[in-house]
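Undergrad: Residues per chain, in single letters:
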Amino acid sequence: MKSSIWTALSFLFFAVACAPAERTSVDRSSGSSAQSAQVASGKPISIKGSDTMVILGQRFAEEYMKANPGTVIQVNGGGSGTGIAALINGTVDLAQSSRPMKPKEKADVETNRKATLVEQPVALDALSVFVHGNNKVKTLSLPQLKEIYTGKATNWKQVGGSDAQIIMYGRENSSGTYEYFKEHVLEKADFAARVQTLQGTAAVINAVAKDPNGIGYGGIAYSKDVTLVSVKNDASSAAIAPNETTVLDGSYPISRKLFFYYLSTASEAQKNFVTWVLSPAGQAVIKDVGYFQLAGGSAERSAAATTNTASPSNP
Amino acid sequence: MTTPNELNLGKRERLRLFTDSAMAVAFTLAGWLAIVFILLIFVFTFKESLGIFTDHEIQKEANLHKFFVEEIPEATTMIDRYIWQPVSEIPKMSFIPLLLGTLKATFVGLLFACPVGVAAALFSSEFAPARMREILKPAVELLAGIPSVVLGFFALLVLATWLQTLFGFTYRLNAYNAGIALGIAILPVIFTITEDGLSAVPRSYRDASLAVGATRFQTAMSVVLPAASPAVFAALVLGFGRAIGETMILLMAGGNAAISSFSLNDPLRTLSATIAAELGEVVFGDAHYSALFFMGTLLFIITFVSNTIGQLVIARMQRKMRGT
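Line order of the protein sequences matches chains A and B.
For the first sequence, the working numbering begins at 0 and goes up steadily by one.
For the second sequence, the working numbering begins at -11 and goes up steadily by one.
Errors might be hidden in some of the hints.
[Claimed, not checked] Straight-line C-alpha distance at most 20 angstroms; calculated DMTMM-like pairs for lysine to aspartate or glutamate:
1. Lys151(A) - Asp68(B)
2. Lys103(A) - Glu45(B)
3. Lys256(A) - Glu243(A)
4. Lys286(A) - Asp233(A)
5. Lys137(A) - Asp287(A)
6. Lys151(A) - Asp162(A)
7. Lys80(B) - Glu186(A)
8. Lys223(A) - Glu243(A)
9. Lys103(A) - Glu49(B)
10. Lys256(A) - Asp287(A)
11. Lys80(B) - Asp248(A)
12. Lys101(A) - Asp274(B)
What the hints contain is simulated information worked out from the structure, not anything from laboratory work.
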């Protein structure tokens, strides 16, 4: 008798356990059919990628969802490479990247997803170099940065500081910032083995803030409790501090674009979101977060937008 | 002639018999399922790494020789000789720095956890009053319930600062920091197994020792502990198996720099942390991907072997203790 009660109970348990799964699958199918009929649907837009851009994407999503209550947007980090891989594998709708996609990655997306890829710059960032607040070194040239991060300069006195070992912090190799730094500062040379790779710019800043001999790099929006180094193109040129003026006029040597990547076959809801991001309301968020609005303002933006809408949506 | 009552009883019994055998089958299946899962996981991990043995394109970048033997030609120091730099114009995939990192962290971890764990187990089984033991044992075992990410976070933010101010390390995140955090994580394993081993030592051993005039301390150190030494060994081996696969603590507290050095002052990067950090972005099926899965296979084999040895030693000791 007892055992039959248990059997009944376990069946009940299974029935309950299975029920929600069924419900969500029904939801999903009805959601996608509703989506074709009307713009605002319940299907969330999933965004993944650059850790540099996570705070930006989240603020975009917050503000947009406030203005458009029907839309749900999920934003995740993991690194530009992670986001791009997810876009290739079809597990996200939109990839954020702090570096331009490589030709091979573009081709992979288009063959795997059978749709045209749209590349949309959304903001500008000054790739910043951080040191501890007490560090005597306030300016570094690109060749000096290369020497430090490839392991040729190991002591601060070699670059004009006090006699102490340089403790390097950097990012994982899934990071777009890692690749950007490697390409533009190290000129594609390898990072030294002693670079400690951390998960995310916030972790790098944290480490440098705690380490009097530390140096790190990352997006400018995260900089807090650290000194931003002024960067010189070479030993003889002027030191440029990273800020809005120097980034917009192009004088800061290592500024870069931050990108959205998505497919031309994206849902209306997602396209509306991207349009909003490029609108003045969306661009206003960028400054709040700590990055910079696209240079040239409307010119580049509208040019990018027209090429995007012009690109055919066939495979 | 069957009365309705008898018929009813028969039905019930048949039902009971049926549920009994159905349940037996279900439990047997559940038991086998675990074994099947382990096998499938191993087969999957190994299959994904198979490229380094079969695919010529992959072999150009990743093969056993490159993993374990090859040196960078013009290098002068050990650090430059073996490099893990998979994202590069010329990918360099030496496992040496990662293996060294794994071993360094595990070594410090065991060095920290073994004395503490064994001493705590001795205290708990030989000296502690019964009431204190009732608190101590669950408390140490509760330590196993702390998520490793919490331990890693603690080591990253608090422990690293303490150690650096105390010892003046050049690197905040180093093998000591990671190893001690790891030691906290494996402490419960070592404590529990040693404690069980000590408790399994027959009462007669202690009585005999005390009867010839040994103190309680002498009894514990020179009679009970040696008798339970296989358990201590098993605890070491199982702790090693647990430590070598631990990921989150080392990812957060180890500094993640793939340096081929024996110095415990340097930051380190372990095999497990490398998999966790890099698997997210690799292209499916390329050399880097296969290399990461090969690391997984390697870790699987190491933990499998050490766990098997540990369990065998425990089983043997239990048989022996029961025999006497």
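Undergrad: Sort out whether Glu49(B) lies within 20 angstroms of Lys103(A), counting only the CA atoms.
TA: The given pair, whose Cα atoms are some 18 angstroms apart, holds under the 20 angstroms limit.
Undergrad: Would the hint linking Lys256(A) and Asp287(A) be met if the CA-CA limit is 20 angstroms?
TA: 17 angstroms, holds
Undergrad: Compare the distance between the alpha carbons of Lys223(A) and Glu243(A) with 20 angstroms, and conclude whether the hinted pair is satisfied.
TA: Measuring from Cα to Cα gives roughly 17 angstroms; hence the hint holds.
Undergrad: What's the verdict on Lys103(A) and Glu45(B), does the C-alpha distance respect the 20 angstroms limit or exceed it?
TA: 17 angstroms, holds
Undergrad: Would you mind confirming whether the straight-line C-alpha gap from Lys256(A) to Glu243(A) stays at or under 20 angstroms?
TA: 13 angstroms, holds
Undergrad: Tell me if the straight-line CA distance from Lys151(A) to Asp162(A) falls inside 20 angstroms.
TA: 15 angstroms, holds
Undergrad: Tell me if the straight-line CA distance from Lys286(A) to Asp233(A) falls inside 20 angstroms.
TA: Distance of about 29 angstroms is beyond 20 angstroms: violated.
Undergrad: Is Lys151(A) close enough to Asp68(B), meaning Cα to Cα at most 20 angstroms?
TA: Within the cut-off at roughly 12 angstroms; holds.
Undergrad: With the threshold set at 20 angstroms, check whether the alpha-carbon distance from Lys80(B) to Asp248(A) stays at or below it.
TA: Judged against 20 angstroms, a Cα distance of about 39 angstroms means the pair is violated.
Undergrad: Just to be careful, I want the Cα atoms of Lys101(A) and Asp274(B) compared with a cutoff of 20 angstroms; is the pair within it?
TA: Holds, at about 16 angstroms.
Undergrad: Next pair to validate is Lys80(B) with Glu186(A); report whether the Cα-Cα distance is within 20 angstroms.
TA: Distance of about 17 angstroms is within 20 angstroms: holds.
Undergrad: Given the hinted pair Lys137(A) and Asp287(A), is their Cα-Cα distance within 20 angstroms?
TA: 26 angstroms, violated
Going down the numbered hints, you'll see the structure goes against 4, 5 and 11, while the others check out.
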